[in-house]
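Student: Below are the chains, spelled out letter by letter.
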Amino acid sequence: MTQLLVETRGLRKYFNTSRGKLHAVDGVDFSIEEGKTLGIVGESGCGKSTLGRVILRLTDATEGEVLYQGKDILTYGRKKMLDMRKKMQMIFQDPYASLNPRMTVSEIIAEPIRIMKTLEDKQQINRRVYQMMNVVGLSGRLVNAYPHELDGGRRQRIGVARALAVDPAFIVCDEPVSALDVSIQAQILNMLMDLQEEFGLTYMFITHDLSVVKHISDDIGVMYLGQCVELSSSRQLFERPLHPYTQALLDAIPMPDPDHAMGEILKGEVTSPIEPSPGCRFANRCKHAHEACLGQDIPVYQPFPGHQVKCVLYQEGAE
Amino acid sequence: MSEAFFTIQDLWVRYVTDHETVYAVNGLSLSLKRGQTLGLVGETGAGKTTTALSIMRLLPPRVSRVDQGNILFNGVSLMDLSEEEMRRVRGEKIAMIYQDPMTSLNPVMTVGDQVQEVLELHKKQSRRALYKRVDELFAMVGIPPDRKKEYPHQFSGGMKQRIVIAMALACEPELLIADEPTTALDVTIQAQVLQMIAKLKDELDTSMLLITHDLGVVAQTCDMVAIMYAGKIIESGTVHDIFHNKDHHPYTEGLFGSIPKLTVESRRLSPIEGLMPDPTNLPDGCAFAGRCPACMPICMAQEPDYCQRASHAIKCHLFTGENRGEAV
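Those protein sequence lines, which keep their order, are chains A and B.
Residue 319 is where the first sequence ends in my numbering, and the numbering goes up by one at each step.
Residue 328 is where the second sequence ends in my numbering, and the numbering goes up by one at each step.
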C-alpha cells in the first residue's frame with residue numbers, strides 16, 4: 001500500500017450571503033495516494049473549484065481538516081504555510097486570465113521561485129526557468145514574450161511551468177483544459193500525464209468533463225451541490241455507476257456515434273446551494289426519489305469494496 | 001428530397017488592418033436542403049463564425065472584405081440585397097443563436113421585452129396577439145410565461161440560452177444559425193437544450209446550420225457534416241460518411257483521435273501535433289500539410305482538389321489523382 005499524500009475529513013466551506021449560508025462544500029472526505037490522480041467531476045456551482053481552493057488554503061475552510069502527509073495544514077501559521085506552498089501548487093482554468101499580461105514568460109515562471117525563495121541566485125533562477133520551459137515543451141525563444149503573443153495551448157503550458165517551478169509534490173488542476181480546443185486539449189493532457197510519471201506528481205484534477213477525467217484519473221469523486229455523492233476507482237465508476245446523478249451525467253454526454261441514441265435526459269436544474277434542506281440534494285431531479293430521500297442527511301454506503309455512494313438505494317438490505 | 005434552398009458559393013473573406021491581413025475564409029462552398037441540419041465543425045480560428053456572420057451580413061464593417069463568392073437563399077443572393085431588405089431577412093427568415101447566452105442578452109431589458117422586440121420589428125399585429133405570442137414562445141422553450149418580467153441576471157445559463165432560442169424562433173425562421181449554442185452550458189443542461197432545439201426544428205420545419213467543435217453533439221443532432229480547417233471545408237458528407245466511412249482527411253482522423261473516449265481503455269490520447277497555421281500567412285498547398293502525418297511532397301506545392309464519392313467529399317491528395325485507391 002502506498003502512502004496517502006492528501007486527505008480531507010469533514011471539510012466544509014460556507015459563504016455568507018444576504019439570503020443565508022451558501023453551502024459550497026458540505027462535508028467532503030477523500031484521500032489521494034502519492035503519485036495518483038483523483039478526479040473531481042461536477043457541474044458548475046457544485047463546489048468543485050471551492051474544494052480545490054480550500055485544500056490549498058486559498059480560501060479558508062469553515063470546518064474540517066486537510067491532512068498533508070498526516071498533518072492538518074489548516075492549523076498552520078503564515079510562515080509554515082508558505083513553506084507548504086512549495087509542495088502544493090495549482091494550475092488554473094483560464095490561461096487567458098491567470099497570467100499577468102504585464103509580465104514576460106520568464107517573469108511569470110520565476111515569480112513563485114522568488115516568492116518562496118527556493119533559489120536565490122539570479123543565474124540559478126534563470127536556468128530553472130529555461131529548464132521548466134523545456135519540460136513543458138515551450139521553445140526557449142519565447143522567454144521574453146508576453147502572454148498576449150501566445151495561443152491558449154502555449155499559455156496553459158506557462159501555467160503548468162509556473163506550478164512546477166518550485167518542485168511541488170501535489171498539484172490541483174482546476175479545469176486546465178476546458179478553455180482549449182480538442183486537439184490542443186489532448187496535447188496538454190498527455191503532457192500532464194508524462195510529467196506525473198517523470199516527477200511522481202500527485203494530482204487533484206477538477207473538471208466538468210467526464211471523458212477527460214476518465215482518461216487521467218485513478219479515482220473519481222462526483223460532486224453535487226457541495227457533497228461528494230459517489231467515490232470510486234475510475235474503472236468501476238464507468239463500468240458500474242451507482243448514484244442516479246452519475247448515471248444521468250454519463251447519459252448526457254453526446255457520443256460521437258450517430259447510431260448511439262441519447263440516454264434519458266435529466267429534467268430540471270440544480271437547486272440553490274443556499275441553506276439547503278436536509279436530505280438528498282439530488283432528490284428533486286431523481287427518478288428514484290421517495291420519502292426516505294428527504295428529511296435527514298443521507299449517509300455514505302459502500303455496496304462494493306472501494307466504491308462509496310451517498311444514496312439510499314444502496315442501504316444495506318435494500319434492493 | 002428537396003433541392004438545396006441555401007447555398008454558399010466559393011466565399012472568400014479577409015480581415016484587413018494596418019498591420020496585417022487575416023485570411024479567415026478561403027473559398028468555402030456548402031449547401032443545405034430544407035429541414036436538414038448541417039454541422040460545421042472546426043477549431044478556434046477555422047473561420048466558422050466568420051462564415052456565419054457573412055451569411056447574416058454582420059461582419060465588422062471597416063476591417064472585413066468579402067472578396068468573392070455568393071450566398072443564395074431561396075434563389076436570391078443575400079449579397080445583392082440593400083441594407084433595408086437585409087434587415088427584413090435577418091431575424092425573420094434567417095435567425096441566429098449566439099455562442100454565449102451570458103452576453104447576448106441585454107442586461108437592462110426584461111426578457112419578455114427582448115422577445116417582444118423581435119416580433120414588433122417583423123410582424124405587424126395587435127398588442128393582444130403580440131403578448132399572447134410572447135407567452136407562447138416562453139412556454140415553447142419551457143420557461144413559465146410569468147417570468148417574462150424578469151431580467152437576464154435572474155436566470156441561469158441554461159434558461160438564458162432558452163430565451164435566446166425563443167428570440168431566434170420568434171418569427172419561425174426558415175434557417176437557424178446556431179453558433180456553439182451549448183458550449184457554455186453543463187452537460188445535463190446541454191442535453192436538454194439540444195433535445196429542445198431538435199424538437200422545435202421538427203415542429204417548425206426549420207433548417208439549421210450548427211456550428212460546433214464537439215463531434216459528439218454533431219453525431220447526435222446533424223444530418224450533414226462539414227469539417228473546416230483554415231477557412232476551407234476539408235471534408236464533408238452525411239453524418240454516416242463522417243462517422244462510419246473508413247477514409248478520412250488526416251485532420252478529421254486527428255480530431256477523432258483527440259477526443260477522450262468513454263468506451264475505450266487507453267491512457268494516452270493521440271493529439272494532432274503542432275498548431276493551426278497562422279491565418280495571416282497561410283502556406284502554399286494544403287494548409288494542413290505542416291501537421292499532417294501522411295504529408296507528401298505534392299502537399300506542400302499544390303492545393304488538393306475534392307475527391308467526391310457519392311455524398312462524401314475529401315480535400316486531400318491521398319484520395320486524388322494517381323494516389324486514389326491506394327490510400328490508407
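One should not assume that every hint holds.
[What the hints assert, rightly or not] Cut-off 27 angstroms, straight-line C-alpha distance, at most; resulting in silico cross-link-like pairs (DSS-like, lysine-lysine):
{"#": "1", "chain 1": "A", "residue 1": "K267", "chain 2": "B", "residue 2": "K201"}
{"#": "2", "chain 1": "B", "residue 1": "K246", "chain 2": "B", "residue 2": "K93"}
{"#": "3", "chain 1": "B", "residue 1": "K201", "chain 2": "B", "residue 2": "K123"}
{"#": "4", "chain 1": "B", "residue 1": "K93", "chain 2": "B", "residue 2": "K132"}
{"#": "5", "chain 1": "B", "residue 1": "K123", "chain 2": "A", "residue 2": "K267"}
{"#": "6", "chain 1": "B", "residue 1": "K199", "chain 2": "A", "residue 2": "K287"}
No lab work stands behind these hints, which were simulated from the structure alone.
Student: Checking one constraint from the list: CA of A:K267 to CA of B:K201, max 27 angstroms. Satisfied?
Tutor: Cα-Cα ~20 angstroms, so holds.
Student: Please work out if B:K93 and B:K132 have their alpha carbons no farther apart than 27 angstroms.
Tutor: Holds - the C-alpha atoms of B:K132 and B:K93 are around 21 angstroms apart, at most 27 angstroms.
Student: Next pair to validate is B:K199 with A:K287; report whether the Cα-Cα distance is within 27 angstroms.
Tutor: 23 angstroms, holds
Student: Given the hinted pair B:K246 and B:K93, is their alpha-carbon gap at most 27 angstroms?
Tutor: Given that 27 angstroms is the threshold and the Cα spacing comes to 38 angstroms, the pair is violated.
Student: Does the structure keep B:K123 and A:K267 at a Cα separation of 27 angstroms or less?
Tutor: 34 angstroms, violated
Student: Does the structure keep B:K201 and B:K123 at a Cα separation of 27 angstroms or less?
Tutor: The given pair, whose Cα atoms are some 20 angstroms apart, holds under the 27 angstroms limit.
Violation of the numbered hints given earlier is confined to hints 2, 5; the remaining hints are satisfied by the structure.
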